[in-house]
Each structure stands twice: as structure tokens, then as C-alpha cells.
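Peer 1: Chains A and B are the protein sequences, given in the same order. Letter by letter, the first sequence follows residues 1 to 184 in this note's numbering. Letter by letter, the second sequence follows residues 185 to 895 in this note's numbering.
Just so you know, the hints here were simulated from the structure itself, not pulled from any lab data. Hints are all accurate, no fakes.
Just so you have them, the derived chain A footprint on chain B, three or more residues with Cβ under 8 Å:
id, region
1, 298 to 309
2, 370 to 384
3, 817 to 826
Just a sample of chain A residues kept apart from chain B, beta carbon distances all over 12 Å, derived:
id, residue
4, Arg60
5, Thr177
6, Asp179
Glycine included, each C-beta is placed from N, C-alpha and C at the ideal position.
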Amino acid sequence: MALSTSSAITLNINGEKHTLPVDHRTTLLDALRERLDLTGTKKGCDQGQCGACTVLVDGRRAVSCLQLAVASEGREITTIEGVAQGEQLHPVQQAFLDLDGYQCGYCTPGQVCSAIAVIEEHAAGWPSAATTDVRPEAGVPELSAEEIRERMSGNLCRCGAYVSIVQAVAQAAASNTEDTEAAA
Amino acid sequence: MTARTTTTTSPAPANAAGASYTRVEGRDKVTGAARYAGEIPYADLAHGWLVLSTIARGRILSVESDPVREMPGVLAVLHHGNAPRVDSDYVGMLGKPDPIVEVFQHDRIPFVGWPVALVVAETSEQAREAAEALVVRYEEETHDVAFSSAHPGTYTPDGDGMLIEKGDLEAELAASTHVVDHEYTTPEEHHGSMEPHAAMARWDSGRLEIVDSNQGSGWVADELAKLFSLDPDSVRVRSEHVGGAFGSKGVRVHQILAVMAATQLDRPVRVVITRRQLFSLTGYRSPTAQRVRLGADADGRLRAVDHQAHSLTSTVHEFVETSAGFGRPMYASDAHRSVNRVVRLDVPTPTFMRAPGEAPGSFALESALDELAEKCGMDPIALRARNEPDVGPVSGLPFASRNLLAAYREGARRFGWADRDPRPGVRREGRWLLGTGTASATFPVIVAPSTAAVTAEADGTFTVRVNAADVGTGARTALTLIAAEALEVPRERVHVRIGDSDFGPAAISGGSMGTRSWGWAVRVAVTELREQLALGGDIPPQGITVRSDTSAAVGALAQKERHSFGAQFAEVGVDVATGEVRVRRMLGIFAAGKIVNPLTARSQFVGGMTWGLSMALHEEAHRDQATGGHVGADFAGYHFAANADVPVIEADWVEDTDADDPVGIKGIGEIGIVGAAAAIANAVWHATGVRHRNLPIRPDRVLSAGGALDA
Chain A
1 MALSTSSAIT LNINGEKHTL PVDHRTTLLD ALRERLDLTG TKKGCDQGQC GACTVLVDGR
61 RAVSCLQLAV ASEGREITTI EGVAQGEQLH PVQQAFLDLD GYQCGYCTPG QVCSAIAVIE
121 EHAAGWPSAA TTDVRPEAGV PELSAEEIRE RMSGNLCRCG AYVSIVQAVA QAAASNTEDT
181 EAAA
Chain B
185 MTARTTTTTS PAPANAAGAS YTRVEGRDKV TGAARYAGEI PYADLAHGWL VLSTIARGRI
245 LSVESDPVRE MPGVLAVLHH GNAPRVDSDY VGMLGKPDPI VEVFQHDRIP FVGWPVALVV
305 AETSEQAREA AEALVVRYEE ETHDVAFSSA HPGTYTPDGD GMLIEKGDLE AELAASTHVV
365 DHEYTTPEEH HGSMEPHAAM ARWDSGRLEI VDSNQGSGWV ADELAKLFSL DPDSVRVRSE
425 HVGGAFGSKG VRVHQILAVM AATQLDRPVR VVITRRQLFS LTGYRSPTAQ RVRLGADADG
485 RLRAVDHQAH SLTSTVHEFV ETSAGFGRPM YASDAHRSVN RVVRLDVPTP TFMRAPGEAP
545 GSFALESALD ELAEKCGMDP IALRARNEPD VGPVSGLPFA SRNLLAAYRE GARRFGWADR
605 DPRPGVRREG RWLLGTGTAS ATFPVIVAPS TAAVTAEADG TFTVRVNAAD VGTGARTALT
665 LIAAEALEVP RERVHVRIGD SDFGPAAISG GSMGTRSWGW AVRVAVTELR EQLALGGDIP
725 PQGITVRSDT SAAVGALAQK ERHSFGAQFA EVGVDVATGE VRVRRMLGIF AAGKIVNPLT
785 ARSQFVGGMT WGLSMALHEE AHRDQATGGH VGADFAGYHF AANADVPVIE ADWVEDTDAD
845 DPVGIKGIGE IGIVGAAAAI ANAVWHATGV RHRNLPIRPD RVLSAGGALD A
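Chain A on its own, in the form it takes in the complex (with noise of 0.2 Å):
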């Protein structure tokens, strides 16, 4: 008996269940490029080195040109066309486009869906390898321009576009700790 090389499943995406049938080989990053027309996420390098098809899966950063899509039912995902609130920008969309935090715009996405999670895993208190001190009663480190700058360097520009992410990173940030203190 032959064995078989693809299989029906169910991916959820931005909210939304898509059952498709998919070729074992196929990754999380073709899935939604070349099945399910999101080509927001790209493809920089297919490799896991550039950051450009990052996504989030559920809520953590991930390259999804290193995940095959079979892998990745029962995961919620988000892609760059998921972080919008309809017509209303997610405050780091709003900030790359203000401060031409990119220029070609093929690594934007990745970096727009890396920055978000960025912002998350600060507020939560991660640490990064530009932390001084990591020891837990130390607190949130703050967010100063070497941290992004390591926390996001995964994502790879090769416009040259850093020095502008890493405002507009600073500035959603920002704009996210104002919403929260307002909120309380």
C-alpha cells in the first residue's frame, strides 16, 4: 500500500478554521502564500535566516518557513493581515508607516508580526541577551534602544531601514504602556 503523501486539516488563522488538503512537505509559510493567498508573510530566504515570513503562533514568534503546515493545526496563527482591527492600524503598523520604519517593504511584515511579540515579551518581563540584569526580582528591564535592537534582530533589512524600526518599535511600545495606564 502506498503511503499516502498528503492529508486534510484544519488551520486556524487569524480567527478563521481553513480545512484544506495539503502535500506532507509543504510548510506553514507555502500553506499560506500558496494555498490559502496570504502572501502577506514572505518568503526571504525559506531558510529560517531572515525573519521575513514571521508569524505568530499562538502569540510566540515563529518563522514559518521552518514549520511545516501538517505541524501546525490546533495552533492559533497570526499573520500580518490579522493584527488590523478593520481599518484601524495596530499601533506598530501605524508607527512603521509614520516613521518609514521600512523602505522595500518585503521584510515589513515580519518585522511588524516580531515587533508585536516583542512588545508582549518585554511587558512580560523576558529577558534578552542585552538585559543587565536578569534576575527576577530585577523587574522589566526597560525598553531602551539596545533592547530592541537585540530582541529584533531577528528580523533581517537589508534596505537598511533599522535605525527607523527601532523607533517605531520604541514608539508603539510607548504608545502601548499609555493604553495600559489609561486602562487602569
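The hints should help you fit chain B onto chain A, whose structure is shown.
Peer 2: Just chain B, lined up with the frame of chain A:
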């Protein structure tokens, strides 16, 4: 005077080019709605996957395609034995084509990574597996990929600008009080656009349609028509969004193979080059070895400038990295010689890469000038001021505008240069040695004839059609602002459409000529349209369209030295324990003509400077002498600057006008990289007391060089 601007969206003044505006397509880019070449769905789309040679020199004995053709989903295996013939004997916009366009036309293998087959299948997974299963047999010959300035095959090419001589060089060197004489090297560097080259081709109602990612859709359409002997009007190439290009996105094998496969299968075919394959298929910057000799009087006045640049090219095509040209407009000198030499090796053909010539050339000459300043006991900026020319040092032509010293004055003020202790190797902060450096930048002002069409629509809006390419430069936005300013209407009433060969001939996005060339054509069309509209009367439903062609006006431009200039500053820290160089801050002040949109212009300058940092410290492709191929042809093996490598980089500009220039825009895409690596290398000397003449300045090189690290 310095143009000071905010970096956020500025609400006023409403129409003027000069205020900052976010990108017209910005919302599409941050939401993922912008579709690039490989992302537009087509019914019945087939996928092509390339197979590349694994030998550096020889010929193909057999492509064993029969077993692969039986694999699931496989539709075709194209190779030299069955591919359609193309005619590559033509002269295109940039001369004779790189013979990579002769894909599948013969059995010769000129380098590792030459295309030997294309597997086309129903899905990309099927195409990839079949491509990886394909067996190709070769007859291998010995190869030579060892580049050096002493290679016996080195020659000086024919052609303009390869050798320029003025005065008695040896006599002036002999009469000089101070002489600098060193070799500087830069490694093989790659463009690394984030978006890989991708093209979809299909036949639609008798026309060949190609959706591509390129720097000039008219250029690509014209060459494809020539290659396939088609009526130019029957070929349409579109390229709406381009995920970076930097010189690599012209006519390449992906478009040609997509056309071949789409023609053979009579269905749409998409070919995407993989990241690894890009390293051999889309060009790169040649490594360089450059000997620079400078001779000066005791007071720093230059008597002699000698710049001998060596680069490599392939055995099938001559491309020259013209590094020696950098100094020709820069400094007055009694004697001058600059020569570009090249050697043919069994490697892919290099191509234009951001500031071709100027980027490596400025590293060598601007490093040597810093060494001369040290010998003369002069400040490096004062040395450059002493040798400021009144006219083109080699040409004798007047400068259209030259504000290099104004850029230095503003840069020195903002960087705090006046407080600098010139002694090297004396500043230490913990385990860091600190230093600062500076260097000059320049890039020629180029323009090419372009056409544009501007339509006054019946609804009061205006549509601009110009075959521009926005490769991330912000050209679409700049053209919108230029048109709105010329029309004197709010920019929201102007819609600019670009990236479509049906819009007519236009300059490519390259040589920093795009916005200058297209903007000129748009202004000419707008001027005539306004004259027509001034006559009054209703606008008909189809609108009123005026077309322009700048060929005559461009041809009538007076002969002058036309260049942008800039002053680069850098501060570095050098870790005495690891040898790691960290750039702490950079400042670039540019004199680059009229700045159309400060927000995106600053991004261009800072992006170029980021490239300079990356060139100085990181980028280096490794070629294995035994196999002739790359080691680590990917973003791990080829590291370019990541976010954590890049500090605060500031860019700004000084006023730079030329009353005789009809547009005043000079172009800013390339000058940001020029001189940046030299400024960093000079700062590393200031920190450590050791000259680094070989890029990149890796930790191992810094450690083994010693200097103040051992103090």
C-alpha cells in the same frame, strides 16, 4: 544652511515637495496587502524550479530527465537539449547582455551555479523534489577562481574611463615630501535583496505578459522581446512592488525560463530563484585589490594621485568594477592616474551593486588620504580642504555645484569634530578603545531620457503614468509630490502609476538616476497640460492627456562635472579582548541637490550608510578554491548588518542648488554607502593605532593586528 525637518508626517505646507510625507503605498506595505511578483495568483499556475551546475568549468554530458519526468506532478524538464532557442546577439540599454541570458543554449559550464535545467511541476513541492532528484553528468575541466592583483591574466579593458592619466606621475611622486603607497582590498559582496527574484509568464490574447520584480520594466520587456524575436508591442512586463534590488534586478534567467516554460506548456509559469541560487545567478560586487599612491608637499598639497584598481569578471562577459573612478572629481593634484584592470576567472559575472566603483574605490582612496593626513600632521578635513579643486581635476570642466566643504563644516559642527584629539590609540573606556574617523563621499549625477503621460481626469484628479520602478526608494511618493507641486494641487488628487512597460520608455531605477529622470518627464508633461487646461473648456470623460519625452532636453544638457557630495563621520569602540569593532554613531551630511521628500530621503541616506557599516565590518562571500563555489551561500554564511549591529545613524543635508539645472534633483540612492566604510576604518585606526586595509574589519584581523590592544 541646513534643511532641518521632522521625521514624522508633517501636515503643512500642503503641496510643496520638500515637506515630509509617508509613502503612498505605505499602508499596503505595513498590512501585507502589497503584492510582489511571486504573489499574484493565476488559475492553472505551474511552478518552475532551477537546477544549477555543481562544477566550475567543463561541459554537460547528460541531463537524465526521463526518471524525473515520471515523478508526480512533473510537467516538463527544460535543458540545453530541448529548450527553445533565443537570440542573444543584440545590444540592449546597458550594452551587450550578460551571457547568462543564453540559458540552456549550449552545453558549456562557465562557473559553479550555472543553470542546467528547469523542472516544471503542478506544485512547488513537486518541482523542488524532482529538481533535487535530477542527475546531471559533466565532463569537468580544471578551474581558476583565485583572485589577486598579481594574477598573470590581468588586463586593462578597452573602453571609456578605464585609464586616465594627467601629468608626470612618477616625477611628482619623487618630488613629494610625503608618500603613501598601500594596497587596499574589499571582498566579494552580494546584493541580498530580501525579495528573491521571481517572475510569472503567460500568454494572454496573443501577448506575452510577465509579472516580475525588476528595476525597469521597459528595459526587461525590450530585452525579452529581442531574445525571443518578438514584436516589442507584444511583450508587457509589470513590476508594481519590488522587494529591494540594489543593482541585481535586471534581465535574469527567471524571466527567460518562465517565458520558455509558459510557451512550451501554454499555461502560466512562475519561476522563483531560491536564496542559495541567487548567489550565482543575479550578479554581485567583485572583490577588489587597489593600490593607491599619494604624494604631497609638507603642507598637504597633493602632487600625485595614483589609483590602480583590480577586479574580476567571468570568462563569458566583461564587467568592470570601476573603483579607480572615484577620485577623478575629488581632489586637485598636479599628476593623476587612475586605471581599472580586470582578470577573467571561472566565476559568475559580477554586476552593478549599490555605488558600483564608488563604494570600494572610496574605501581605498579615503583611507589613503587619512594616512596622508597622519603623515603630514594635518587634520583629515583640513587636508581635503587644501586640495579642493576649482574645476574638475581631470576633466577641467566646471562643477554644476560642489558643496563638499559645506557638508564637512556642518558635519564637523554636529559631530563635535573640533574637540577631537588626533593621536591614535589613546582613548579607553573599560575594555573599549575609542576612535573617530571621517571620509568624503561622492556620486555622479546621471540622467536618462524618459517619457511620461499626465491625464487631467473629468473628476478633477490627475493620473500620472511613467514607467518608473520603486525598489524601496520612495520613487512613487516622490513622483506624486513632484507632480502635485507642478500641478499646484493637493497630492491626494494625484495618482501615480508605475512599473508597467506599456507606459513607454523611461530610465531604470539605477545609478541614482530614477527620480531625476522620471521627475523631469513628469514636470514637462505637467507644464504642457497646464497650458492646455488654461485655455478653458470642459474635460471630456476620457480626460485630457499630455505625453512628454525628455530625450532632446537631456541631450542638450551642458557638459559639466555633475556630482553629489557628502561628509561621513563615524565613532567606533574596539573591544581589546575580542577584537570586535562596534560602531557607536554615524553622521552623514550630504550635498545632493533638491531633496523631494525628507522622510524617505533620510531613509535612503541612512540605508546607504548602514550598507557602509555592513561593508566595513561584516560582508564577505567566501569562494572555495577547490570546488570553485561559494561556502555558505545563505544569510548565515553571508552576514550583513542585523539590527543589533547598527547604532544611531543620522543623515542630513546642506543646500545644494544649480541654477542651470532644469530639475535640480541629483539622486540619493547610492551616495550614502560611499566613504562610509573608510570613515569607519579611519576610526578604527584612531582607536587602535593600526591601519586596516582589508575589509571586512573582522575581530580576528583586529586581534592579530595588535596596536593599542596590546598596550
